[in-house]
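S.K.: Sequence:
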Amino acid sequence: MKIAIVQAALQQSQVAENFQTIQALMEEATTNQPDVIVLPELWNTSFLPEDVKERADEDGKVSRQFLSQFAKNYQVNVVGGSVANRRGDKLFNTAYIYNRKGQELAAYDKAHLFSPAKENGYFEAGEASVTFELDGVKCGIVTCYDLRFPEWVRALALADAQIVFAPAAWPEVRNLHWDTLGRARAIENQLFVVSANSRGPVNGDEEALYGGHSAIIDPWGAYVVTPDLQVGVKYGEVDLSVIEGIRSSINVFNDRRPDIYDV
Numbered sequence: 001m002k003i004a005i006v007q008a009a010l011q012q013s014q015v016a017e018n019f020q021t022i023q024a025l026m027e028e029a030t031t032n033q034p035d036v037i038v039l040p041e042l043w044n045t046s047f048l049p050e051d052v053k054e055r056a057d058e059d060g061k062v063s064r065q066f067l068s069q070f071a072k073n074y075q076v077n078v079v080g081g082s083v084a085n086r087r088g089d090k091l092f093n094t095a096y097i098y099n100r101k102g103q104e105l106a107a108y109d110k111a112h113l114f115s116p117a118k119e120n121g122y123f124e125a126g127e128a129s130v131t132f133e134l135d136g137v138k139c140g141i142v143t144c145y146d147l148r149f150p151e152w153v154r155a156l157a158l159a160d161a162q163i164v165f166a167p168a169a170w171p172e173v174r175n176l177h178w179d180t181l182g183r184a185r186a187i188e189n190q191l192f193v194v195s196a197n198s199r200g201p202v203n204g205d206e207e208a209l210y211g212g213h214s215a216i217i218d219p220w221g222a223y224v225v226t227p228d229l230q231v232g233v234k235y236g237e238v239d240l241s242v243i244e245g246i247r248s249s250i251n252v253f254n255d256r257r258p259d260i261y262d263v
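Sequential numbering of the sequence shown, starting at 1, is according to UniProt numbering.
If you are wondering where the hints come from, they were derived from the structure by calculation, not from laboratory data.
Nothing here was measured: the structure is a model prediction, and the numbers come from that model.
Each hint should be verified, as a subset may be incorrect.
Below, computed lysine-lysine pairings styled on BS3-like, alpha-carbon distance capped at 27 Å [as the list claims (entries may be wrong)]:
#, residue 1, residue 2
1, 118, 53
2, 118, 138
3, 72, 61
4, 2, 90
5, 53, 138
6, 53, 101
7, 72, 118
8, 2, 118
9, 53, 90
Taking CB as the label site, the calculated pair distances span [stated by the list, open to error]:
#, residue 1, residue 2, range
10, 54, 249, 50 to 60 Å
11, 118, 58, 20 to 30 Å
12, 254, 51, 43 to 53 Å
Where a beta carbon is used, it is the ideal one built from N, C-alpha and C, also for glycine.
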């Protein structure tokens with residue numbers, strides 16, 4: 001499965017400009033004929049502008065129409081990062097996923113909200129994990145801070161996910177955590193982690209940057225796509241036989257002890 005990861009520089013609150021940026025990078029990605037295009041977190045508004053509720057997409061309508069039409073036009077699967085999504089008087093950090101026909105396969109509301117940045121003061125937390133199939137491959141998704149909760153990714157692995165997508169707006173100052181967590185989740189769950197992060201100033205502050213380092217990590221913890229700091233599209237291929245190989249030699253799922261713990 002060929003995957004293209006969009007590592008974009010986004011502008012806070014500048015929704016129209018962000019749509020243009022994302023569309024241009026997605027169109028660039030199609031020249032490499034990927035099976036899946038993956039976007040970063042909150043690509044419509046960037047992360048937590050003060051006016052996020054006003055800038056949010058009502059029921060995700062504009063974002064959903066754009067992603068669906070793009071997937072259909074280019075016959076490519078799209079893991080739509082996430083967008084600020086207003087449902088009634090509540091705000092959600094929602095990821096939408098589309099198949100090659102432009103059909104919406106799943107919607108995931110971020111479950112773990114980043115309290116140090118008061119994300120939980122803006123958004124409502126999601127209540128359920130999500131799995132879906134892309135070209136017959138079982139996949140799951142987590143968003144940014146979710147990656148710090150190993151039990152959340154383990155739940156996806158126990159639901160037979162072979163690839164876990166992780167869109168994010170992760171700061172460069174914590175790139176060591178980002179890199180380590182992605183590799184740890186891949187190793188401990190013996191699956192592929194595909195992470196898509198933003199790159200560029202946080203809230204216009206040139207001294208505070210989103211960390212880039214989007215990657216594809218295999219079940220051994222090795223990089224298929226190596227992290228970097230450059231804005232653009234990153235390409236890599238997932239070889240699912242690697243999962244079969246590691247599980248035949250070190251099958252942690254056979255050796256689990258759910259009789260003595262709940263996870």
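S.K.: Next step is simple, just say for each hint if it's right about the structure.
M.R.: Against the structure, the hints come out as follows:
{"no.": "1", "hint": "118 - 53", "verdict": "14 Å, holds"}
{"no.": "2", "hint": "118 - 138", "verdict": "33 Å, violated"}
{"no.": "3", "hint": "72 - 61", "verdict": "16 Å, holds"}
{"no.": "4", "hint": "2 - 90", "verdict": "36 Å, violated"}
{"no.": "5", "hint": "53 - 138", "verdict": "33 Å, violated"}
{"no.": "6", "hint": "53 - 101", "verdict": "31 Å, violated"}
{"no.": "7", "hint": "72 - 118", "verdict": "37 Å, violated"}
{"no.": "8", "hint": "2 - 118", "verdict": "36 Å, violated"}
{"no.": "9", "hint": "53 - 90", "verdict": "9 Å, holds"}
{"no.": "10", "hint": "54 - 249: 50 to 60 Å", "verdict": "53 Å, holds"}
{"no.": "11", "hint": "118 - 58: 20 to 30 Å", "verdict": "23 Å, holds"}
{"no.": "12", "hint": "254 - 51: 43 to 53 Å", "verdict": "51 Å, holds"}
When the structure is compared with the earlier hints, violations turn up for hints 2, 4, 5, 6, 7 and 8 and for no others.
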